[in-house]
Amino acid sequence: MPVYLDHAATTPLSGPALAALTSELSRSGNPSSLHGSGRRARAVVEQAREILAAVAGAHSSEVIFTSGGTEADNLAVKGLFWARNAADPARNRILVSSVEHAAVQDTVAWLEKHEGAEVVWLPVDADGMLRLDALKAELDGGADSVALVTVMWANNEVGTVQPIAEVTALAAVHGIPVHSDAVQAFGSIPVSFAASGLAAMSVSGHKMGGPVGVGALLLGRAVKLVPVQHGGGQERDVRSGTLATASIAAFAAAAQDVVEHQPAEGARIAGLRDALIAGVRSAVPDAVLRGRDPFDAPEQRLPGNAHFTFPGCEGDSLLFLLDMMGIESSTGSACTAGVPRPSHVLLAMGLTEEAARGAQRFSLGHTSGPADVEKLVAALPEAYARAKHAGMASHVSTIQTASTKHDTSNQ
Amino acid sequence: MRVLAAMSGGVDSAVAAARAVDAGHDVVGVHLALSRMPGTLRTGSRGCCTVEDSNDAWRACDKLGIPYYVWDFSERFKEDVVQDFIDEYAAGRTPNPCMRCNERIKFAALLEKAIALGFDAVCTGHYAKVVQDGNGNMELHRAADWAKDQSYVLGVLTHEQLRHSMFPLADTPSKAEVRAEAERRGLSVAKKPDSHDICFIPDGDTAGWLAEKIQMSTGDIVDESGAKVGEHPGANAFTVGQRRGLKLGTPAADGKPRFVLEIRPKENKVVVGPQALLAIDEIRGIKLSWAGEPIPQALAGIPAAGLAEPAMSETFDCHAQVRAHGDPVPARARVEMTDDGGGSLRAELLVTLIEPLRGVSPGQTVVLYQGTRVLGQATIDTARSLARPAL
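If you're matching them up, the sequences are chains F and U in order.
full-length UniProt numbering puts the first residue of the first sequence at 1, with every later residue one more than the last.
full-length UniProt numbering puts the first residue of the second sequence at 1, with every later residue one more than the last.
If you are wondering where the hints come from, they were derived from the structure by calculation, not from laboratory data.
All figures in this text were calculated on a predicted structure; none of them were measured in a lab.
Mixed in with the good hints, there may be bad ones.
As the list claims (entries may be wrong) - Capping the alpha-carbon separation at 27 Å, the derived lysine-lysine pairs in DSS-like fashion look like this:
| id | chain 1 | residue 1 | chain 2 | residue 2 |
| --- | --- | --- | --- | --- |
| 1 | U | LYS256 | U | LYS269 |
| 2 | U | LYS175 | U | LYS192 |
| 3 | U | LYS247 | U | LYS269 |
| 4 | U | LYS213 | F | LYS113 |
| 5 | F | LYS388 | F | LYS224 |
| 6 | U | LYS78 | F | LYS388 |
One chain only, chain U, in its complex shape (with noise of 0.2 Å):
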């Protein structure tokens, strides 16, 4: 196969794209430039998409004798990514920009270019696998080390995408055995440190960062009753389940610690209770994706076959997840068609969690896994307390 590596220029991707070598595919490197001014040098564990990764990734390439390109994308991530990230904090939501990145750019953008300048595949060094069931279909599964495993961000992927998708570090028992392996292969960045937070704010403050981009007001802090007990200077600025920098003037009744329920950016308040109201029973999503086939109707006992427009699935077992190092709790799940309030219907996936969730915001990603399988996913639009009366 003509196989296209994605080159981010970490340790990850090149072992990746030296098994692709390793394979026997026809391999090309390809660094994505996602910024139009990049950084010179990293920082430790921060940025992304310097000077230096670009050379890193280069100094890989040449490693393996493989050609090196990079190929600028800066304008649709600033659009599909940077954008969509201020967009969904303005709305009060929090989004994950790693998991749109894979969705828009990665696995669109870039896979789009990949195969109409003749390529198969894009490779890249997430800890995920891709197998195929005996009728063709693609699945998506966790990686072999769970503590590394990424199929989290990878939910998002369609089957299409995963068709075209190869992921080598799939059945790699750990993240040291791919140093050792990029050290043994005398790979320089076998020692370079893992990338942590956001790529596009480099220095890791994602709250002064957004305070630059989104017109920030003063409102009110409420709490579960709707009584007022402090002020806020903007409420896109907290994230649900904080309990820091409250700032709350009137104590609570019981005397104890308060934290982040809820945001309300059309009220321009923030919601704050108890922590026990912090527990998520129930989740409703929107923009469900199926990682393979449109399987819920199968699971549910229902032919796949023929369904292009299931109106509602019965009712599955499954476990849910709803951030990338989050552990998967056993929860019930079912797709119901519901009014857009435009007159059209969409999808919804409501989520009831068996084992209750903490600190789940609207605009986070829900995703469904059957064992190491992933079933789907969707975005959170209401994330709620069964123990909270609704405002």
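Isolated chain F (complex conformation) (with noise of 0.2 Å):
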């Protein structure tokens, strides 16, 4: 068994997610059907849309269900800005993080290309954090020409945690919808739709024990969405699809299981990130944490994320080593050509692209525990001592060739 450092991506199915999607799966039945089957299909989705209100602080008709965070972002970022944007042409701008994940980060640089949308990318601090000054003066200066706000809950990079309450104070004086990525925060650190003054908030069922292809939008009841797919109107007319029973069931049993445990779970993960970080510290002096330090601002931090850059040598190098020795960790976040790509996350927190180039993230779950903290302490000072030898691929190769030898001494 590897040693598996990367919940973040996703982490394995939890047991009541597992029997909940294996009971589901053996049956049949449209939740839109009139007849018998269709209604015992509707009674699981609907059920299952009040246990994920429930456990996210929301009112069950405030959930949307989505094939996951992605789906839910763009449907979050687009539909918001469309309807906002018809109701008021003034209204173009989009106040984003600097920081967010590619499905809002994309989203909001597509409707800057194609829909007219005026784009505000707000800084962070060195940790990644928002500078609410930036907001703040972006909302006096003009509020009227706003569409919606968008800031993640929790970075998937650095783990740095967004206050996101001051966000929608601040926005609420002027009326502006704001939108929340929440993938990694919700059912990592405690998440309320309700108290957190949201208008809608994106969140995925395989980033907390759920299945991959699942997620929902928490759409407040008053917010209105232009809808991204069109079809049978399923999902309060805003996201046709037939809904997927099985997945939707396995997602709320997750989100239950997960939210209920958190609090005990949390500190537990958090104890074994604590440990990861002294350990790497330790073992590898050089190497620097990114993010908040969470021995400074413990709730600044998700508890299952450690972020570090590795002066001297390519991530990918790391990564690669780490691999061959059995742990799997990542580079920032996954890319569809697994192209590793300076993150624009860490350029966004003031790195240089060197910098950035040595990022490592270690992220705990659910499956962890102290041995596998103990095994990448002790593989990493000779992984990273081969991967600063292997060094920057950016930089020149210093093999001798018939270009580069300008001496006569070889010839």
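Combine the two chains into a complex, taking the hints into account.
Rendered as structure tokens:
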């Protein structure tokens, strides 16, 4: 069994989720059908909706099931922009943090390119924390032109927990809706949609022990959205498509299980994370922790997240060497072609491209234990030494070749 | 051995990796990301390093049961290959970017990283053969299938680079055989078209691509006597041997078509002349390297040992090839030490072609062979027809 330190990418299916999934997969019925099978499936979906609403601090009619976090982000950001912009064409600005996941970042960039949106990238501090003063200045300087504000609840790379309550309070003064991508936060730290003041909040099943392919957008009852996809009019006419009964049931079971155990499990995982950080710091003194230091501000970092930059090496070299030793980590966030690029999150935090290339994220979850931390700490010094030896791919190779040999001695 | 298989996503590198696995090596597949903005899908035989190529390489590794990674060399590629390509054209030369990529990326940047990470060799799907002589010296030879032979684009590799290179397709009788083997192995890339053209110019329009990168200005087209016969929109857009698109106002005295003989970037002039003057008899090459031990001394009967700084070699017989799929022609070559203009000596390769070659441009690489063996190479600095008086 490899040491799995990539729970932020996906975490293994939890027991309750597996039970709900397998039980529902063996049954049939379209929740929109009007006969007995349909009603049975509908009842499962509605029960899941109530469970999810309860653990997320929302009303059940505020739960819009989606195929996952990315769809929820697209629906919220595009839907809010289109609805607000249609109601008042002067509202074409989107205020967005500069450390968003690609699901929000690229959606906003698409709106800018194709739909006439004007995007304001809000700066963050050196730990990746949103600069509230910048948000306030943008709002004070022209709230009438703002369509929406979107700020993630917790960052997927460096684990920084954003001041969502302050963001919504600032926006509320001007009556501006706020969306938050809470994919990493929900289940890891206490999250209440009702208390947050958010208009919309994205959550995902597989980051909390549910299956991949299901998520939800929590959407305030009074919030108007223009749908992204059209069809049968399911989910408040906002998200058409046959509801995935089994996945939804499993998602709700996972969410209930995780949120119920969150206080104790959060503390346990934070303890492991602290041991991991201390271990890495002593094994590799050069390593630099990125994001909030949990020893200073435990509330401002996700309990399962540890993120370092390792000077003088490529994150992908380190990942490769650790993988060969049976330790699975990440350079930050997965991406389509598997091409590691310097993280926009680290660049927004003020790191140089070179420093950002040495990133490695270790994320813990419900299957993690002390042995995982010990194995990482034991393997890291050698892996780091080798990765450093391999150097930076951006640097000129030291291998002498025909066009680099300008002296005559080797010719 | 621990072997890093460089996987382009094509059939050759997939079969090469498969053979390395069969040979009992501990193989890891690596795809080189060479573009920061990879395209999504390939279009026919054009382009390279798309997400589709990456996925094809990935699926091949899955089939072979070996790990797969993507390593980013986009910055190095941009500087060492793409920028070099632009600079060379801007200087009026015709570079070979594939050769440059082998020299600086695959068998330098990638190889260096591989060795540092614990690998012994880099394996590619090139059709060429590395053998070791009795003294443990590496030699590079043509592949068994001369039609597919790629020893030319590897001719720039040094002894040290060859020592860590593995080309499992060396003895394959034909490309068809490789495709059949891929099919047998269940590799989905078995029928994938071969790559052509320059990978970073996906639409194949090199002149159009260069026009965006190089400042072009109008100048004169002159004939071999120096007389103006027309104007051009930018000298760098022309290549030696080109006939079309010259739009000459003044016809040649003999009424026969004229060809680009030479590009003079400093004067922004394009020199044209009759086809006969395209035949090149003499090449001078710089930046030479030997694909193995420094050999011309040995060839010339001078003991190789202890000759780190050859002053000048005897003339030796060989065959010269100036493009990837060009025919080798008989030649005689020797190394000369000349003043580089800055007061220090540099080695130059003087190649006399016994059978003249057409369309030879500065910037191209001349690779020397003896039989199947690659001796070494040089970048062509000047190429001239002895029938043509100097201007």
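Checked hints:
Distance restraint check for U/LYS256 and U/LYS269: the Cα-Cα separation of roughly 21 Å lies within the 27 Å cut-off, and the hinted pair is therefore satisfied. Proximity of U/LYS175 to U/LYS192 is assessed by CA-CA distance (about 12 Å); at most 27 Å being required, the pair is judged to hold. Only pairs whose Cα atoms come within 27 Å are accepted, and U/LYS247 paired with U/LYS269 is accepted, the gap being roughly 15 Å. Note on U/LYS213 and F/LYS113: the hinted pairing holds, with a Cα-Cα distance of about 25 Å set against a maximum of 27 Å.
With a C-alpha separation of about 52 Å, the suggested pair F/LYS388 and F/LYS224 falls outside the 27 Å cut-off, and the hint is violated. Taking the CA atoms of U/LYS78 and F/LYS388, the gap is about 23 Å. The hint holds against a cut of 27 Å.
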